[in-house]
Amino acid sequence: MTTTDVPAPARPHRSATTPKRRPKREREGAAWVFLSPWVLGATVLTLLPMAVSLYLSFTDYNLFDPPHWVGLRNYTQMFTEDPRYWRSVVTTLTYVVIAVPLQLALALVVALALKSMKHGKGFYRSAFYAPSLLGASMSIALVWRAIFNDGGTVDNLLGTGGWVNKPGWALLAVALLTVWQFGAPMVIFLAGLQQIPAELYEAAAVDGAGTWRQFVSVTVPMLSPVLFFNLVLQSIQAFQVFTPAFAVSAGKGGPADSTLVYTLYLYDRGFVASHMGYASAMAWVLLLVIGVVTAVLFRTSRSWVFYASEGDR
Amino acid sequence: MPGHRTKGFCASAAALALCALLAGCGGPGESAGGGKAVLRYTWWGNPDRAERTEQAVALFEKRHPDIRVQTSFAGYDAYKQKLATQAAGGDAPDVMQLDYRQIDQYASGDVLLDLARQKDVLHTSQIDTGLLATGRVDGTQYAVPQGRGTETVVYDVTTWKASGVPLPRAGWTWDDWADAVRTLAKTTGKPGATDPGQSEDAFEVWLRGQGKALYTKDGRLGFTADDLTRWWTFTDELRRQGAVSPAEQTTQLDGSVENTPLGRGKAVSDTNWDAPASGFLALVPDGIALAPMPSGEDGTPGQYFKPSMFLGVSANTGHPKEAAQLVDFLVNDREAAKILGATRGIPVNETIRQELGPQLKDFDRTISDYQASLEGTLKDPPQAPPSGDNALQTTFQRDYDQVSYERMSPREAAENYLTEAKAELRS
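Here the protein sequences come in this chain order: A and B. Take the first sequence: its letter number 205 is residue 205 in full-length UniProt numbering, and every next letter is one higher. Take the second sequence: its letter number 31 is residue 31 in full-length UniProt numbering, and every next letter is one higher.
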């Protein structure tokens with residue numbers, strides 16, 4: 001997992017509290033040497049840009065003239081004077097509510113199907129994962145646009161006309177592109193399913209539980225930590241959706257702003273209208289909101305996520 | 001078993017995902033080529049323009065073995081955004097193609113080099129003084145116009161003729177135009193034209209036909225919400241009648257001819273600039289022709305000869321002389337002009353224009369003849385639009401989307417546009 005390096009920076013501090021005093025310095029020094037690539041990367045590529053973006057969010061900056069301090073004006077303008085801002089918020093929420101549950105449901109169904117497969121599991125797992133590797137690319141998003149355009153595949157099969165040029169349908173086309181990339185949560189679900197001890201199912205079967213009953217009473221609770229993990233991660237990603245909306249709407253968030261999700265509007269303000277200060281302010285609000293949403297998810301998780309090890313107590 | 005680690009793992013993974021959100025993107029520095037001066041030259045345009053430009057650049061490299069030119073091009077919208085970001089990072093290409101809308105912003109943002117300092121290698125004596133002045137900001141020559149273009153009604157000749165509707169003629173008015181597209185829609189079964197409501201350029205032509213302008217001399221709006229409401233009411237009615245393209249088609253316009261209703265075979269005509277209209281040749285097999293834009297009811301022409309593209313040199317270039325040589329070559333060299341033809345509009349160099357004019361072939365010939373037919377009938381071009389106009393072009397199209405999808409009345413959308421435009425021009 002790529003995330004294993006995250007707790008690493010905390011280790012030097014932890015070791016500082018250990019009683020052995022002598023080698024502490026040396027060990028700390030060595031730790032920093034080994035950490036330096038990460039520290040350097042995090043500072044230059046993440047922390048510095050974040051600091052600059054925080055500063056810019058209080059300025060008026062058009063890329064050409066030096067930024068000039070405007071205090072909270074970007075924030076007040078966003079909340080009180082910009083109807084498009086609120087429309088982009090609503091669009092994003094709509095998108096999250098459509099895409100995340102659909103994607104997780106699909107991932108779970110496929111993972112369940114794969115789990116019970118006897119042969120060719122590896123092949124199908126790769127096959128279902130492939131869209132996640134391809135789907136992030138611009139080219140697939142462009143193909144998606146062509147498929148859902150008038151005269152495209154969907155139009156020819158269903159006779160619905162194009163989706164990407166109808167305000168009521170375009171966002172659905174964008175959401176479907178995300179849903180289709182269910183590979184990452186699927187693999188995690190599959191791993192989670194395989195962790196569930198077989199004796200639980202055997203015991204349930206002995207007690208007379210059918211397939212559905214086993215799913216509800218064994219699979220779901222045992223899988224809930226993984227479900228929670230996928231929910232948090234996919235929600236964070238969904239709030240930040242950009243590429244599919246950008247490509248499917250040809251960069252404009254159209255038709256009639258129907259696919260203008262938050263980050264696309266942020267991009268529009270920053271790179272099309274050259275209001276970098278405003279765009280930075282939008283980015284910080286998004287960060288805070290995602291933080292709050294994540295915190296809320298963690299809070300509610302207490303009532304429905306079942307951790308086997310805690311359950312032992 | 002994942003056990004209690006899962007929770008901590010979730011939290012850290014969430015934190016990591018959050019951090020990725022705020023990390024911006026930085027621009028890397030510039031590398032130098034071994035021994036040779038390396039110039040970066042970028043432009044926007046279609047594949048036809050790209051092919052001819054590559055040929056001209058190859059010729060330049062042959063003449064100057066000590067200079068290597070790295071080229072790149074994109075569609076107009078993408079080009080505009082990328083260039084602005086590069087310029088802000090101090091990483092603008094050495095030689096860049098610029099639009100009339102960009103000159104003011106780029107010049108006042110210190111992105112461009114004062115070209116007068118390179119007058120030893122960059123000659124401008126052959127360019128019409130009025131046209132040359134369009135590349136000047138506050139008395140400094142920041143850019144050189146590369147071609148001259150004007151708007152046109154480009155139409156599918158065969159379909160139009162077969163419909164029996166009289167062909168467009170010089171001096172036709174917007175009412176004549178509206179009648180023509182209405183009849184075309186009835187007889188051919190497809191809309192007579194692209195809905196021009198989305199186009200700030202078409203609106204400008206319509207406005208100038210009434211003696212008004214997009215911007216005043218001091219860079220403020222030159223029209224009122226009433227003017228814009230009338231324009232959008234006019235186009236919206238035609239759309240409702242099916243005389244111009246429906247919203248589903250209009251919304252797909254992105255500056256490329258491939259995505260116009262005419263290019264997709266869904267309309268009989270389009271309003272466009274004359275040089276890029278060459279792209280329709282490959283898309284409309286029956287052939288196309290160019291007609292003047294409609295004029296005001298009293299015959300006042302709204303279209304004008306616009307410097308279609310400029311070349312500017314980056315203020316940060318390491319090779320100002322070589323960059324200026326490339327600009328001079330593209331504008332003044334006879335061989336280069338032959339290769340480039342009218343792909344960026346009719347050449348600005350007077351001698352070359354007179355010499356090459358009669359030799360132009362195919363569609364270059366069509367453009368040349370079209371411009372010649374307008375010579376002397378048009379009014380002076382407006383001065384370079386104020387910086388904010390860059391973003392407003394997109395705003396205009398977006399606000400009209402609200403009208404054509406019937407989410408706002410022309411009046412509401414026009415008020416909306418004016419509010420946004422005033423804010424944009426103030427900042």
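These aren't lab readings, by the way, just hints derived from the structure by calculation. Among the hints, erroneous ones may be present.
[To be verified] Keeping only pairs whose Cα atoms sit at most 20 angstroms apart, straight-line, the calculated SDA-like set for lysine to any residue is:
| id | chain 1 | residue 1 | chain 2 | residue 2 |
| --- | --- | --- | --- | --- |
| 1 | B | Lys422 | A | Arg84 |
| 2 | B | Lys212 | B | Asp91 |
| 3 | B | Lys266 | B | Gly299 |
| 4 | B | Lys422 | A | Phe242 |
| 5 | B | Lys422 | A | Ile147 |
| 6 | B | Lys422 | A | Ala30 |
| 7 | B | Lys266 | A | Gly29 |
| 8 | B | Lys190 | A | Gly151 |
| 9 | B | Lys82 | A | Phe242 |
Since this is a predicted model, take the numbers as computed values, not measurements.
Checked hints:
no. : hint                    : verdict
1   : Lys422(B) <-> Arg84(A)  : 16 angstroms, holds
2   : Lys212(B) <-> Asp91(B)  : 39 angstroms, violated
3   : Lys266(B) <-> Gly299(B) : 30 angstroms, violated
4   : Lys422(B) <-> Phe242(A) : 29 angstroms, violated
5   : Lys422(B) <-> Ile147(A) : 39 angstroms, violated
6   : Lys422(B) <-> Ala30(A)  : 59 angstroms, violated
7   : Lys266(B) <-> Gly29(A)  : 70 angstroms, violated
8   : Lys190(B) <-> Gly151(A) : 16 angstroms, holds
9   : Lys82(B) <-> Phe242(A)  : 17 angstroms, holds
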